[in-house]
Each structure stands twice: as structure tokens, then as C-alpha cells.
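Enquirer: For the protein sequence lines, the chains are A and B, in the order given.
The numbering of the first sequence is my numbering, which starts it at 1 and goes up by one.
The numbering of the second sequence is my numbering, which starts it at 1001 and goes up by one.
What the hints contain is simulated information worked out from the structure, not anything from laboratory work.
We treat Cβ as the ideally placed atom computed from N, Cα and C, and that holds for glycine.
It is possible that part of the hints are untrue.
[As the list claims (entries may be wrong)] BS3-like, lysine-lysine: derived pairs with alpha carbons at most 30 Å apart:
| hint | chain 1 | residue 1 | chain 2 | residue 2 |
| --- | --- | --- | --- | --- |
| 1 | A | K40 | B | K1040 |
| 2 | B | K1108 | B | K1097 |
| 3 | A | K332 | B | K1029 |
| 4 | B | K1171 | B | K1155 |
| 5 | B | K1042 | A | K331 |
| 6 | B | K1171 | B | K1149 |
| 7 | B | K1108 | A | K68 |
| 8 | A | K332 | B | K1014 |
| 9 | A | K186 | A | K108 |
| 10 | A | K72 | A | K16 |
| 11 | B | K1014 | B | K1029 |
| 12 | B | K1108 | B | K1042 |
| 13 | B | K1036 | A | K40 |
| 14 | B | K1014 | B | K1042 |
| 15 | A | K352 | A | K186 |
| 16 | B | K1149 | A | K40 |
| 17 | A | K40 | A | K16 |
| 18 | B | K1112 | B | K1036 |
| 19 | A | K40 | B | K1171 |
| 20 | B | K1036 | B | K1097 |
| 21 | A | K331 | B | K1097 |
[To be verified] Calculated from the model, a selection of chain A residues having no Cβ within reach of chain B, i.e. all distances over 12 Å:
| hint | residue |
| --- | --- |
| 22 | I213 |
| 23 | G304 |
| 24 | W312 |
| 25 | I317 |
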Amino acid sequence: MYSTLLAFDWLFLIEKLVLIVGIVSISLVIAMYETWAERKVAAFMQDRRGPNRAGPMGLLQPLADGLKLFMKEEIIPNTSNRMLFILGPCLAMLAAMMTSAVIPWGGKIDFFGREVNLQIADINIGILYIFAVVSMGVFGIMIGGWASNNKFSLMAALRGASQAISYELPMGLSLIALLMLTGSLKMSAIVGQQLDGTWNVVYQPLGFLIFLICAFAECNRTPFDLPEAENELNFGYHQEYSSMKLGFYLFAEYINMFISSAVMATLYFGGYDIPGVNDAHLTETVGVNLMALFQALTLFAKIGFFIFLFMWVRWTIPRFRYDQLMNLGWKKLVPLALANMIITAAVVLWLKK
Amino acid sequence: MQALTNRARPVERKPMTFVERLYLWNIFKGMLITLKHFFKRKATISYPEQTRPFSPVFRGLHVLNRDEQGRERCTACGLCAVACPAEAITMEAAERKPGEENLYREEKYAAKYEINMLRCIFCGLCEEACPKDAIYLSETFAPANYQRKGLIYGKPDLLIPNPQEQPEEYKQALGNRANKQHQAN
């Protein structure tokens, strides 16, 4: 079933477009409800009820919040660099959304005889791509802070950028140890290995811990939300932003959280692997499409857990001081990640002999 | 120095143990604490549907009472104004004219009766001073206002609804506590 025009598989293009639209809208919806969930989780942990007025259980709250943000007055400061000022939140949003391209959301589905992979781009360098895009997120922060032409925003942006760059280092190092085990940078291959064998977190508990901590820092979540330290920097890099441009910055944080949860689930917790189930057997009984649905649901359950973990930690731990943050990143996590890498290398070499 | 309570405890300055210095374990303990609160009973009261129960001795907004036939009880004797430590009450007396017997219970009545809610301390001394059971403190709050003059309550704000024309509103304004007191008299 190939309809070729100009020697190009047009169905492939349509398939990918549908996937892109689907995944982008899913991540937007999830980010919306993350804001709701965050408030609910915070409320429950503080013996309150949280939003419960808009719709049943406050489920329409994100819509109300969005409407409020859109209705607010849009201010661009006179002294700011207009183009960069608008570019900042766009970049933050873009970088947050782009990461989702290489994450395998489920197995294959069978669409009228055509095999469709539930992954936008199954590239050989999946993890490197994620790293490249994640480091782009720094531009959003940095440009936003710079373009505001506000000393406090600039300071906060500097902090945010240096924090993001500092924590990318141990994150990469902890991943190298993982890559020694998997021997591949391809996301689908990493998941495929975990489908048959054990989840990578069993082999790499320390690596996962380092990755988790760095993910918190990369997403600018408490306890690492220093760019937003409202008491010292009276609001951080998005201080001059108003209306939906501010909303985009906040939204990007929630999308980042969703994507990094997905990455963690994929790399360390078996991706769409259903625990305790032989996937090949189940596929034969329920069919390919249903199986893909189950797998996607499993992945989303894992992602949900990690998102909850993000919130749980946020409402437990106070913010780090900046020197403590840098101390932890450079003096604790980098050596730990290096040690983890060396030990993994030694064990891999020893076992292969 | 003598300790004020028996709960004082000297500050511990022991160096941290290895587990404490790892910090992660303590974070985990903290997370368990927050998780416990997840399942605790909520302290919040969903306001418009539920209201906080008032203490039986709660003293709220003043009400100028009427008798069973809807006549004002106040005779403008001024005892409440004298008793008021915050000097929040001012009144002007007037004489009842023939034909107004259905409005006022006695020959003298308050033509003007004002309570300045900005001064009032809700002590309840006016209620105690009143020989005619004409003023008492009900079970509602004085609502907030944008202007100072809005918080000077005149007779229209204070008078209880007429028990014959608006029996339900009257009962609501009377509240539980005043009801009992009313019956005792």
C-alpha cells in the first residue's frame, strides 16, 4: 500500500504529521492538567482541598487559568529588545516540545495493513538529540532574562543558565554509564532491550538517582528553582513578562516535566514495557493495536508516577541556596557520576571476558 | 535563668552522622511526612456550603429587637451608649405620636440609633445594659466596606425583620442563642 508521487512515500508524511499533532496536543493537555494536579497535590499535602470550584473536582480550573492569562494586559517594556522579548518564551516552549520527537510512546500499531511506529523519529542518536534540545532550553531562559533589560531578570537568567549547564554535565555522565550497558543511543533499541530483560534501573540505581536529581535541576523545579527565587530576585527571569508570555514560560516548565518524566521512564523504567507480562504472548491474544494501547497506557502510568514525584519533592523540600546548588552539582554529582561510570565500565569489561 | 516552660531543650550541636550527611535519607523521611498529610483529614471548610459553627458565646453584629407584634423595643434610654466602653453608640430619642402604637412599644423611642462598627469591640456590654431586651449581639459578622461611613450602622441596618411580616427572616436574624435568651425573658 504505497502511493508514490515524485518518488516519495506520502503516507509516511501524513502518518508522521498525525503523530506530531497527536503528541504535541497530548503534551499540551497533560501540561494543562499538571498545573491542576500540582495545586491539588500541594493542597492535599498541606491539608487543604485545592481547586474544586470550576467543574467537578476543579477539573475546568486549567481552562479558567488559561482564560485569565489571555485576558490579562500584555506588556512589553519600553526598554526591552522587542524581538528577543517575544522570542524568549517561544524558544522555551519550542525546546520543551521538541524533545518529545524521539520518545517511543508504544509499540507498533497496525493501521489498515500499514505498520505505524508510535514514535515520531526513530533516529540512531536519540539520546544525543534529547541532550541537544534540552540544552537549547537555556536559550529561552537566557534570552528572556536578557531581553527584559532588568538587572534582576538578568541575574536570575544567569543563575538559571549556569544551573542548567552545570547539571547537564552529571546528567550526561550518568547516561554514559547507561549507554555502556545498552550499547546503543537509539531510544527504541533501549526500550527493546528492557522489554525482554530487566529494567535498566536495576543495573544503574546510582545512575538513575543522579539522572533524577539532574532532571529536577534541568526542569527548574524545587529544590532547584533558583531562577525563580522570588524573595531574592523578585521573580526571576520572567519578571517583566505578563499575560500569556508568562504563561508560556510556566507552561514550558510543565511540558519539560512531562518530557523528562517520559525520558526517565523510557531510559530506566522500561519505557512502554508492561511489568510482569510477556509482550509477545499478549500481542498474539489481544492483537497489535490493543497491545500498543496497553503499552502506551503503561508508559503514561509511569510518567504519571514521575510527575507526581516531581510535585511530591517540590512540596517537601525547601529551595537550595545557590552555593549549595553549585556545590552539589560540581563537587558531589560529577564525581559520583564519574565513579559510577568507571565502576560500570569495569563490571562490563569483567563480565564480557 | 528559670525556664518558662518545661519544653525548652538545649540545641544539639553534634556533627552529622554519615547517613545524615548523605541528605537523601532525610529527604526521603520528609517526603514520607508530606505523603502522610496526603491522607489526613482536611482542615478546610468549604465556605458557602458549610459554615463554621459559632461558639455559644459568640458575639457578632448587633440587632435592634422587636417584640412579638413587630414593635420596636428600644426606648432610647441611653443605657447602652453609657455602658459602651468604645463609645460607639449614639442615639436621639423622640416621643411616640398617637397612631404609632403599632410601631413602638413604649412612649419614647430612638429616632436615630447609630453604632460605629469601626469603634465597636463587640464586648456585649450594651446587651447587658439594656433593660428592655432591645439590643443584642447576633451570630453574623459585620461585612467589610469600602468607605468608613458605610460602617456606621443606622437603624435600617440594625433593626431585626418584622416577625409578623417576615417571620423567616426574623427567625434567622434572631439566631439560636438570642432565641433562648428571648424565651427566658
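Enquirer: Next step is simple, just say for each hint if it's right about the structure.
Expert: Verification of the supplied hints:
1. A:K40 to B:K1040: 14 Å, holds
2. B:K1108 to B:K1097: Since the Cα atoms of K1108 (chain B) and K1097 (chain B) sit roughly 9 Å apart, the hinted pair holds (cutoff 30 Å).
3. A:K332 to B:K1029: Given that 30 Å is the threshold and the Cα spacing comes to 21 Å, the pair holds.
4. B:K1171 to B:K1155: The hint holds at about 19 Å.
5. B:K1042 to A:K331: Violated, at roughly 42 Å.
6. B:K1171 to B:K1149: 29 Å, holds
7. B:K1108 to A:K68: Between K1108 (chain B) and K68 (chain A) the Cα gap is close to 57 Å, so the pair fails against 30 Å, i.e. violated.
8. A:K332 to B:K1014: 23 Å, holds
9. A:K186 to A:K108: Answer holds: K186 (chain A) to K108 (chain A) is near 16 Å, not above 30 Å.
10. A:K72 to A:K16: 36 Å, violated
11. B:K1014 to B:K1029: 20 Å, holds
12. B:K1108 to B:K1042: 53 Å, violated
13. B:K1036 to A:K40: 15 Å, holds
14. B:K1014 to B:K1042: Roughly 37 Å separates the two Cα atoms, so the pair is violated.
15. A:K352 to A:K186: 22 Å, holds
16. B:K1149 to A:K40: Outside the cut-off at roughly 41 Å; violated.
17. A:K40 to A:K16: 35 Å, violated
18. B:K1112 to B:K1036: Answer violated: K1112 (chain B) to K1036 (chain B) is near 58 Å, above 30 Å.
19. A:K40 to B:K1171: Roughly 40 Å between the alpha carbons, so the hint for K40 (chain A) and K1171 (chain B) is violated.
20. B:K1036 to B:K1097: Violated - the C-alpha atoms of K1097 (chain B) and K1036 (chain B) are around 70 Å apart, more than 30 Å.
21. A:K331 to B:K1097: 92 Å, violated
22. I213: 9 Å, violated
23. G304: 15 Å, holds
24. W312: 6 Å, violated
25. I317: Non-interface label on I317 (chain A) violated, nearest chain B Cβ at 6 Å vs cutoff 12 Å.
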